[in-house]
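Colleague: If you want the building blocks of each chain, they are given just below.
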Amino acid sequence: MNTIFGVPTQALFGQLLLGLINGSFYAILSLGLAIIFGLLNIINFAHGALYMMGAFVAWMLLTYVGLGYWWALGLAPLVVGIFGVVLERVLIARLYKLDHLYGLLLTFGLALIIQGLFRNQYGVSGLPYAIPPELSGGQRLPFMFLPNYRAWVVVASLTVCIATWLVIEKTKLGAYLRAATENPTLVQAFGVNVPLFLTLTYGFGVALAGFAGVLAAPIYSVNPNMGADIIIVVFAVVVIGGMGSIIGSVITGFALGLVEGLTKVFYPEASATVIFVIMVLVLLVKPAGLFGRTA
Amino acid sequence: MADTAAIDVAPIAAALPTRRDDKALHRMIFVGIALALFAAPLVLYPVYLMKVLCFALFALAFNLLLGYGGLLSFGHAAYFGMASYLCAYTAKSLGFTPELAILSGTATAALFGLVFGSLAIRRQGIYFSMITLALAQMAYFFSLQAKFTGGEDGIQAVPRGNLFGVISLADDRAMYGLVCVIFMAGMLLIYRIIHSPFGQVLKAIRDNEPRAISLGYRANQYKLAVFVLSATLAGLAGSTKAIVFQLASLTDVHWSMSGEVVLMTLVGGMGTVFGPILGALVIVTMETYLAQFGAWVTIIQGCVFVLCVLLFREGIIGLVAKLIRKPL
Amino acid sequence: MVGRLIGSVSLAALAGALMMGGASAQTNVKIGILGDRSGAYSDISGEGSVVAAKLAVEDFKPAEHGLKVEIVSADHQNKPDVGAGIARQWYDRDGVDMITDGVTSSVALAISQVTKEKNKVFIDTGAGTADLTGPQCTPNTIHWVYDTVALANGTGGAMVKRGGTTWFFLTADYVFGQTLQRDTSAVITKNGGKVIGSVKTPFPTSDFSSFLLQAQGSGAKVIGLANAGTDTINSIKQAGEFGITEGGQALAGLLVFSSDVHSLGTKVAQGLVLTEPFYWDLNDQTRAFSDRFSKQMKGNSKPTANHAGVYSDVLHYLKAVAETKSTADGAATVAKMKSMPTDDPLFGKGTIRADGRKIHDMYLFEVKKPSESKGEWDLYNKLDTIPGDQVFRPLNEGNCPLVKG
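Chains as they are written, first to last, in the working numbering: chain A, 1 to 295; chain B, 1 to 328; chain C, 1 to 405.
Chain A with its partners taken away, still in its complex shape (with noise of 0.2 Å):
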């Protein structure tokens, strides 16, 4: 058996297999974010909890319907997409105008009353949200024994981010929303509604997190806190990604996983931490991200 720095061949690629799986969360989550912030402007600290709702969500329509996951995952970003529209249009476009900070200040309180509400009504334990037939099982690779739906979290969020990605950077679509993001008024003077841009935006990007929270009810425990401990280490996927950055935060995801994957196996104890250190060192080597365009 060949090893490389003490660890078997057939582990190492097992746990990068894993890894990328990891980053494929990472990726859909940090592509809403990046979304949000790159045409809003706002970095949406919900963005946890409205994740957390997507898998609540697909709980719900479950237990309380009876519709199963693949209904869930059409249904359950609609949901979380409406909800964030409302609060966008309630809440969130009084703080266009000013800096940063308030979004940040404003989405994190909403992040507590959301987690809060949840918290109370159904506890901490978490929900039991057991994997589809038509993806359990898995397939006894030579190194590793790989879980059907793992696959599918791969091929479900490449999918969802290229198919984002197309849309901003080569539709008209796209188009008009970049062009509103960096002069709104000369756009809203060719007649486009800008308004209704900004908000369909912010129900996208939170939609993906729903997606994303779909994703993540079979194999995580579908709790009120599972949101919380997701988000800070998506934020620093942004930020190492570049802000503004769609493609660069999709890229990022993925290798973070990567390298949080390596983490695991050659010193796990550090594995939380690593991500962060990258951060630093990305922040003060090149600032506005690997794929970021400095203003």
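No wet-lab data here; the hints were simulated from the structure. The hints are all genuine.
Below, simulated SDA-like cross-link-like pairs (lysine to any residue); rule was C-alpha separation at most 25 Å, straight line:
id: 1; chain 1: C; residue 1: LYS374; chain 2: A; residue 2: PRO132
id: 2; chain 1: C; residue 1: LYS61; chain 2: C; residue 2: ARG287
id: 3; chain 1: C; residue 1: LYS382; chain 2: C; residue 2: ASN300
id: 4; chain 1: C; residue 1: LYS161; chain 2: C; residue 2: LYS221
id: 5; chain 1: C; residue 1: LYS369; chain 2: A; residue 2: PRO133
id: 6; chain 1: B; residue 1: LYS147; chain 2: C; residue 2: ASN399
id: 7; chain 1: C; residue 1: LYS118; chain 2: B; residue 2: ALA157
id: 8; chain 1: B; residue 1: LYS147; chain 2: C; residue 2: PRO204
Stretch-level coverage of chain C by chain A, calculated; a stretch enters the list once three of its residues show a Cβ under 8 Å from a Cβ in chain A:
id: 9; region: 29–40
id: 10; region: 206–215
id: 11; region: 237–245
On a predicted model such as this, the values are computed, not experimentally measured, just so you know. By construction, the Cβ of each residue, glycine as well, lies at the ideal position given by its N, Cα and C atoms.
We have chain A; now place chains B and C onto it with these hints.
Modeller: Chains B and C only, in chain A's frame:
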């Protein structure tokens, strides 16, 4: 995206320069606070008061950096917490007397402030804040792992000790006296810093950094200096808290503690002198008296955040200052 | 007329004296339930502890013993300084005599110190740290329900005896997890087993896949989960995903409560082996209590071992106070509690040792297969009973200053 500029806070503070009669008003407020501190333990529970004072000092230190330096640090818990750990450790395991333990804690915070600050100020705006957050996270993970911090259990049973080797602090009243002295000293020091030539340059840098540089001021040195000052005073608050409660734990270095101090400053009034004190009073009181409602505490805190950001951006004292048209 | 006036005045005075005399024969007792109502442990603590305490007071019938009991509660949010602050205030200002629940180890240690300072009583139910009856023991603290050593002896010892001779640990990288691994490893080697590997997982973590992969690769017969709460739930859920138990390895949960298993569901948790001192379905008495308990709980949840512990310790405390007729000296009340053997419908017969450790039997359980489970809370099969004097750490090994020699 204007993320290179410093935080645009407290336009009131910038618009209203402090005049001589304002200073008289401030002097009266200081005397009023001193009297209130003297009388309060007759009515209120001393331990609760001490908690308010420690957090008020923490918030004042934070506000020095935010309101007057224009720098939003997301990781201030690092200085508060590391100081409290060092103070607890020296008091318990090395047998330091309380004043020496508090001094060691404060010195530790100053050191962390120097190291973290010199890394962080190389960047501006939101990137500065993100670096402070990342560094604070590393401090948290270090505290989780290091043997001397006791991990999840924290450092327990820290002795109150004898001040200067003679005055026993075991009695809550003696402890309260010490905390009052530390608080008043810290508050007056911060006031002095704000209203000194150093403070004026700081405000100039906050409002228009390029112009300040063009006038010959070395902005980075000033920013580092205020960062270290802020971290040191936050450390003083943390060390005092460790002796009062006789323990230091992970809560003190967690990012939610950093969030709480932001909340206190926001509620009280960013960029005002007295705002953070009121903010600390409000938040600590809320936590103490709402503890029986359990889960509702975080929800209510969230609502306070939201309301403050939408309606009371100047904070309570900021609003009062605007109404009486005097800087507070 | 003056005579009649004097007569009626003295009659009134006599009546007043009698009434006052009657009132002073009654002892006022105030119990504080200081637990986690909003955080990671709120399902084993929270409102349930208050309900359990109230049921204990109801069953004790304080009026018949000349006691008047009041219960207050608060949330320590898993923060030692919040917990210590509330305890101090309760003791100094609000006249609380006894605090129970506790739950989080770091908070429990803080409360224990404050209680010693103020000479009151602290009976911890849910905290795991064996230090409460070890180096940090005090004459005012009693440790009910379980501790990490008992769990190690229970699950560790029992599983090795059942053939689980090689172990791989997933250890949450903080003091609790490391202590659990250390104590369990000692028991494993003492019983002839071997620890072939371990990995430290950052605390907290939501994804255990890479650590589980390492555990799978090690080929150990048993994978020991030295973690708690959400970490345990996530590791078990993901172990199911990776087909760990189908691959022939057994999962041993070193700290698992019935509420955790309930949230996982039998499909995911089946086959999990764990040690608990209480299960709602153990016998008629536990079933009767659990029925009364769940009627008062949102979602009709059944009591966990922690809730049962609160019931049991409040009952015993009141028995002791009924005899001493005073709550002024906490250490004296605790001494009285230690002198009386315990007996309640939930834990059966037991004793409290000099170091404050409550001794009772513990049970080895295995989670049922879905086909065996007939209800939402029908979760455990009992595998074995571990006698109290074997499962807890021996008295002389604890380094408790109260124990001489």
